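Protein chains in written order, with our numbering: chain V, 106 to 430; chain Y, 106 to 430.
Hints listed in this document are in silico derivations from the structure and should not be mistaken for laboratory results. Source: prediction; values computed, not measured. Think of the CB as a built atom: it goes at the ideal place given N, C-alpha and C, for glycine as much as any other residue. Hints may be right or wrong, so weigh each one.
[What the hints assert, rightly or not] Partial list, computed: chain Y residues near chain V (C-beta under 7 angstroms):
#1 Arg167
#2 Gly169
#3 Thr182
[To be verified] From the derived model, a few chain Y residues whose C-beta atoms are all more than 12 angstroms from chain V:
#4 Asn133
#5 Trp140
#6 Asp164
#7 Thr168
#8 Thr179
#9 Arg202
#10 Gly220
#11 His242
#12 Lys286
#13 Lys349
[Said to hold, decoys possible] Derived CB-CB ranges, DEER-like:
#14 Y:Ser271 - V:Lys178: 40 to 50 angstroms
#15 Y:Arg150 - V:Arg405: 19 to 29 angstroms
#16 V:Asp230 - Y:Glu130: 49 to 59 angstroms
Number of protein chains: 2
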Amino acid sequence: MEDALFSRDVAAANNIARPTGPLEEDPNLQEVINWFTKQPELERRFGQSIRQSIDEVLDGQRTGRFNIDELEKTEKTYLGTKVEIILRAEFRLGRGRDMDYSIATHEVDSKFTIGENWTIPGEADQHICLLARASDHKANYRAGLLRIHSEFLNAGKNRDGKRTLSTAGRSAVRWIIPDGKLPENILLTLSSEERAAIFNASAGHRSSGNGGQSRTNELFRRVQERLINRNTVLTVARQDDSPKRVRDARIHLRGDGIMILGHMKQHPHIARDLGLPVPDKGSWVAVRVAEVTASDSARRTTRISGKDYAIWQKGDRDDVAPAEY
Amino acid sequence: MEDALFSRDVAAANNIARPTGPLEEDPNLQEVINWFTKQPELERRFGQSIRQSIDEVLDGQRTGRFNIDELEKTEKTYLGTKVEIILRAEFRLGRGRDMDYSIATHEVDSKFTIGENWTIPGEADQHICLLARASDHKANYRAGLLRIHSEFLNAGKNRDGKRTLSTAGRSAVRWIIPDGKLPENILLTLSSEERAAIFNASAGHRSSGNGGQSRTNELFRRVQERLINRNTVLTVARQDDSPKRVRDARIHLRGDGIMILGHMKQHPHIARDLGLPVPDKGSWVAVRVAEVTASDSARRTTRISGKDYAIWQKGDRDDVAPAEY
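Based on the provided sequences and hints, a complete structural model is requested.
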């Protein structure tokens, strides 16, 4: 489904390339923008911070939740605070005197929304706001800066005396990340049938320990060639020790020809050989492989213990995965 | 400082031993009470759940906070939700149809406060509430059950239409844990001088890595013979890997005769020998030791690599701690 507001904003985001108009008279705002644009890996770190915030509030390990729509109202409110905390830690931001942050010596307030608009409190008037908005369903987010003026806000106030950003206000935002990629929420991207198969994989088990393992096995069986992070494993396993669940899944799935690659040993090297996403610490990628002869040069292969493996395709034999890799 | 309300409640808590009066006409409430009182290690697990909730919302690793008074309003509100989530996971409680939990087939709502009273929403009327209250400063908490009736609530409503429990309401609570011990928040118990010495121990360091280690060393140097948990180390170190910080502190403090005992190897055995609190997984206890002769029978000793050690006392030599234990 198309999101009209978001699309319109993307067009407005071209503002960032031509800082004309009121910005010329706001060197402080420009200094804050400059500070952000100079941060190494800004987009990746900002997106990872939002991902981590959402995952912590979902608390999948304890609740089994993976969909932000299931959060209670108090949790949605708190999510903004968690984003503020994680961004402060990630970018080592100072605390402001009156506002959340001190950035390039300027007071900056942090506002985050998973909805259509931001709600701005009266105290923020005349202050610079860092505005971030994320859609977990679309795996994207954007972040920008705006100095709040009354003409940028809609007239109506909510019960807390907060006002939403007007169309003029949204157009005036200087986007530092106009179209950021949010790390994928894998469980949200699956069909309900796939999810049911994973979450019900434990139905035959009495002990929750074995159940968590069965669900983890099914996750890696069904979600291949895509990065699966620690939080997804915790949400599926509902247990503490995600690396242990993954190590055991590696053993259980070997007979099905499935390898699970992490960030250790030769794993990143194997992932690169096969053209798979390369796992960082705390993420994994599963792949079904088949032994191939070296002469089969049309396919990407990787060599493990003297044998060549390619990603399994129709017509390949049903091989077991390598025992050690 | 004495807490009048809390003390009065403790007197009322004797109710639990004589379930007379309205309770006789409320077998459902009695079944919920019975369910809780049958849970193994109820008090320890309930207290640990509250401890964990407070620590997660403080988020000491990222914020350096250890005092609940520093929480923002949205965080204090969210704390109640976190307690609800962690209690549900710890006691494997089902979800209610209308209320938070289903316990012994009955609908039960979860209400937690760090203040003087609970705020009860209109929807809870006629429903059973699990009421918990904690004081991190006093390291205690209590939990009880009450079926909400209008006469148990004060007349005034807050902005959200919620009402506080009246004196009659508080007297009617059936306490399942009238005087629970909350695992200690070590940093909160230290004098501001001690805390400053720990948090400023990194002042000489440029890199935050070394700084976190210096602060961890100072923590274990200053807080001896008391359990220090993982969260306290994370709050002081402001880093991810608390076990690594502790292992390194063990090396750094050896020259000062300080041992750091965890839950592995002979550590719990050594702790018991010396009459120290015995660490579980994720907690440690530091102790300064001195070599003693076996004939010094008045003191508790432990034998490590053929030598006998006691807790250091005035008059003992300045020994180094054992290299391996």
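Hint-by-hint comparison with the structure:
1. Arg167: Holds: closest Cβ of chain V sits about 4 angstroms from Y:Arg167, inside 7 angstroms.
2. Gly169: 10 angstroms, violated
3. Thr182: 5 angstroms, holds
4. Asn133: 26 angstroms, holds
5. Trp140: About 19 angstroms separates Y:Trp140 from the closest Cβ of chain V, which puts it past 12 angstroms; holds.
6. Asp164: Answer for Y:Asp164: violated, closest chain V Cβ roughly 6 angstroms.
7. Thr168: 6 angstroms, violated
8. Thr179: 5 angstroms, violated
9. Arg202: 16 angstroms, holds
10. Gly220: The claim stands: Y:Gly220 keeps its Cβ more than 12 angstroms from every Cβ of chain V (closest is about 16 angstroms).
11. His242: 23 angstroms, holds
12. Lys286: 23 angstroms, holds
13. Lys349: 14 angstroms, holds
14. Y:Ser271 - V:Lys178: 40 to 50 angstroms: About 27 angstroms separates the Cβ atoms of Y:Ser271 and V:Lys178, which means 40 to 50 angstroms is violated.
15. Y:Arg150 - V:Arg405: 19 to 29 angstroms: 51 angstroms, violated
16. V:Asp230 - Y:Glu130: 49 to 59 angstroms: Since V:Asp230 and Y:Glu130 have Cβ atoms about 57 angstroms apart, the given range 49 to 59 angstroms holds.
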